[in-house]
Amino acid sequence: MKFKKILALDTALNACSVSFWNEDSNAYVTDRRLMKRGHAEILMPQITDVMHKASVSLADVDLIVTTCGPGAFTGLRIGLSSARALGLATGAPVAGLTTTQVLARQCLESCADQAQDKTSLLVLVETKRKDFYYQLFDRQTGKPQCDAAAGNSADILQQIEQQHTIMIGDAIDRFRKEAGNAAPEGLDGFETPSPEVMIRMACDIAAQDDLAAYKAEPVYLRDADVSPSKKEQRILEGYKG
Amino acid sequence: MKILGIETSCDETAAAIVDSDKNILSNIVLTQLKDHSVFGGVVPEIAARAHLDHMDKVVEAAMKDAGCDFADLDAIAATCGPGLIGGVMIGMMTAKAIAATHQLPFIAVNHLEAHALTPRLTDNAPFPYLLLLASGGHTQLLIVEDVGQYTLLGGTLDDALGECFDKSAKAMGLPFPGGPHLEKIAQSCTDHDAALARFPLPTPMKGRKNCDFSFSGLKTAARTHVQNLPEGALKEDDIAALAYSFETAVCNVLTDRCSRAIDAYKQRYPQLETASFVVAGGVAANTAIRNTLMSLAENHKISFRVPPVSLCSDNGAMIAWAGIENYARGKEDPLNIAARPRWPLEELHKTTAAS
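Line by line, the protein sequences are chains A and B. Read in the numbering used here, the first sequence has 165 at position 181, and its numbers run on one by one without any break. Read in the numbering used here, the second sequence has 54 at position 65, and its numbers run on one by one without any break.
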């Protein structure tokens, strides 16, 4: 499959980002804003603005790509609900990419010649709790070496070889504080997903006819934080409702 | 004019298409009751996840049921508050995306206003009418003067009435959501006088000069009765009697508070020929309450209206209708509107957007 007009969006982490790519001009129109909150307000005006600048109708978009987590639950749901509704409204397919995949690709695209002795790439995404969302990638092939997961710094350190690993993501400063000397070398500049990179990834995936494997489904990596009510409910004998 | 309405503010994922001739062309409501029942109440994060999982399919089904294309629509309306914010955002973003794609007007609907205007969809209620809005999240008495114009007479100081029902029912060992179960088991109470004598309950706020409510004391009193029942499994007869007494207390409270509100409404509009008292919200599904309020209205010689049960609880049709009423008066919202966890009817015209 080949797509000609691709819209990508990301609201899962500390940015609200939109990019549109048109094959005709092979040009991107991109709007990337760092922000911690307010994604639900900014996203749709950003999208209409980007489409306006590209002089293409939103209805003509033929592929929609969104990040689907791991990240802030509310944030990733803003992106996913918008992307799915855009899919419904345009009839275009909707693909989901994980934040860790996109950040890894971003790093591989721009830092291939840096720290070449590092064979593994560790992506660390903030959970705003004690643990980290993380995923390991092969530095050469870009292929994941494990599934994305949530774990504490000790779990993660067990899975990496410090001297052969380089780490990126919005949680590396906190990881460095926790892991101390055991932390691998870190690279700044890969804290939020680039929607342009997402478009390139989607093109590659589509070229291999593998789009169906990238569903626009949420990747929470954590159950809803609730426990069944602790207040003991008395039994009502024989009640059938 | 046809409008798609989307509702995701609590535990129902809903979408409907309604036209300006008051035809409900489709009305899909997906309830998440099962997702929440093990927790004994609506869990916001679970609700938000379920809304995301089902939202696009619910909209698709509503479009298909109505035999509509997006191009046939005149506007898209969605609840933008008040409610559980994570869920509200799902419906709001869905509506914004469809509106943006098809260049349709977007209308940010206040969930409470949608309940308040439902009697105009179902019963052609003429303005101004007196409204009792009672649900799991809200309990208010207000005069609906016109679209967008509400005079609040009173509201609850603590629990909402539906919440008081559900929590008391839970204490009685009834399954979630307890309101309907409480009503059912109360109907099996045979000796009403004995029930009232055995399980006396307070009628909070009765006789107060305002139109406010308070239900937490009633809830606590009901719980205390349950605690005082013999150890071991609760007996159905006991609970039937307690449930009857509970419903009676609620009806007494409502009679007192609504009677005061009717007086206030009549004082404000002494010459009104079309005076009517309307009940909306999930609690209006309770038969004992409906009957009590109906006779109250009769005694005060004003007409009584209550929407059908399916339109009392949360649904998309009421959102679509509120959209139609607002759009007909020229209201349209920009796509940068924020979802609002709190959005009292008195502040209806204050919307917030990103700066």
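Where hints are given, some of them may not hold.
[Stated by the list, open to error] Negatives, chain A to chain B, calculated, CB over 10 Å:
#1 Lys(-11)
#2 Glu25
#3 Pro77
#4 Asp97
#5 Ile144
#6 Ala163
#7 Asp209
[Unchecked claim] Keeping only pairs whose Cα atoms sit at most 30 Å apart, straight-line, the calculated DSBU-like set for lysine-lysine is:
#8 Lys112(A) with Lys20(A)
#9 Lys173(B) with Lys199(A)
#10 Lys37(A) with Lys320(B)
#11 Lys224(A) with Lys255(B)
#12 Lys199(A) with Lys198(B)
#13 Lys199(A) with Lys127(A)
#14 Lys(-11)(A) with Lys20(A)
#15 Lys224(B) with Lys199(A)
#16 Lys(-11)(A) with Lys198(B)
#17 Lys173(B) with Lys255(B)
#18 Lys290(B) with Lys224(B)
#19 Lys198(B) with Lys173(B)
#20 Lys46(B) with Lys(-14)(A)
#21 Lys320(B) with Lys53(B)
#22 Lys173(B) with Lys224(A)
#23 Lys(-11)(A) with Lys127(A)
#24 Lys46(B) with Lys(-12)(A)
#25 Lys224(A) with Lys53(B)
#26 Lys320(B) with Lys(-11)(A)
#27 Lys(-12)(A) with Lys53(B)
What the hints contain is simulated information worked out from the structure, not anything from laboratory work. Using N, Cα and C, we set each Cβ at its ideal position, and we do this for glycine too.
Taking the hints in turn, this is what the structure says about them:
1. Under the 10 Å C-beta cut-off, the non-interface status given to Lys(-11)(A) relative to chain B holds; the minimum distance is some 13 Å.
2. Non-interface call for Glu25(A) relative to chain B: violated, since the shortest CB-CB distance, roughly 4 Å, does not exceed 10 Å.
3. No beta-carbon of chain B is positioned within 10 Å of the beta-carbon of Pro77(A); the least distance is around 13 Å.
4. At roughly 40 Å, the least C-beta separation between Asp97(A) and chain B is larger than 10 Å, which holds for a residue marked as non-interface.
5. Taking the minimum C-beta to C-beta distance to chain B, about 31 Å, the non-interface status of Ile144(A) holds against the 10 Å cut.
6. Against chain B, the non-interface label of Ala163(A) holds: every CB pair exceeds 10 Å, the least being about 30 Å.
7. Distance check for Asp209(A) against chain B: the nearest CB is about 6 Å away, which does not clear 10 Å, and the non-interface claim fails.
8. Among the hinted pairs, Lys112(A) with Lys20(A) is consistent with the structure: their alpha-carbon atoms are about 12 Å apart, no more than 30 Å.
9. The straight-line distance between the Cα atoms of Lys173(B) and Lys199(A) is roughly 44 Å, outside the 30 Å bound, and the hint therefore fails.
10. The straight-line distance between the Cα atoms of Lys37(A) and Lys320(B) is roughly 27 Å, inside the 30 Å bound, and the hint therefore holds.
11. Proposed proximity of Lys224(A) and Lys255(B) is contradicted: the alpha carbons are some 45 Å apart, above 30 Å.
12. With a CA separation close to 59 Å, the supplied pair Lys199(A) and Lys198(B) exceeds the 30 Å bound.
13. Pair hint Lys199(A) plus Lys127(A) holds up; C-alpha atoms about 18 Å apart against a cutoff of 30 Å.
14. Taken as a hint, the Lys(-11)(A) and Lys20(A) pair is honoured in the structure, with Cα atoms around 29 Å apart against an allowance of 30 Å.
15. For the suggested pair Lys224(B) and Lys199(A), the alpha carbons sit about 51 Å apart, so the restraint of at most 30 Å is broken.
16. Restraint check for Lys(-11)(A) and Lys198(B): not satisfied, since their Cα atoms lie roughly 65 Å apart, outside the 30 Å limit.
17. Of the supplied pair hints, the one linking Lys173(B) and Lys255(B) is violated, its CA atoms being roughly 35 Å apart against a limit of 30 Å.
18. Proximity of Lys290(B) to Lys224(B) is assessed by CA-CA distance (about 42 Å); at most 30 Å being required, the pair is judged violated.
19. In summary, the hint linking Lys198(B) to Lys173(B) is not supported, as the alpha carbons are separated by about 33 Å, beyond the 30 Å threshold.
20. Distance check on the hinted pair: Lys46(B) and Lys(-14)(A) sit about 26 Å apart at the alpha-carbon level, within 30 Å; holds.
21. Distance check on the hinted pair: Lys320(B) and Lys53(B) sit about 27 Å apart at the alpha-carbon level, within 30 Å; holds.
22. A C-alpha spacing of about 11 Å is found between Lys173(B) and Lys224(A), which places the hinted pair at or below 30 Å, so the restraint holds.
23. For the proposed pair Lys(-11)(A) and Lys127(A), the alpha carbon gap of about 26 Å is at most 30 Å, so the pair holds.
24. Straight-line distance between C-alpha atoms of Lys46(B) and Lys(-12)(A) comes to about 26 Å, which keeps the hinted pair within the 30 Å bound.
25. Restraint check for Lys224(A) and Lys53(B): the C-alpha separation of about 37 Å exceeds 30 Å, so the hint is violated.
26. Taking the CA atoms of Lys320(B) and Lys(-11)(A), the gap is near 33 Å; set against the 30 Å cutoff, the hint is violated.
27. This hinted pair checks out: Lys(-12)(A) and Lys53(B) have alpha carbons roughly 29 Å apart, not beyond 30 Å.
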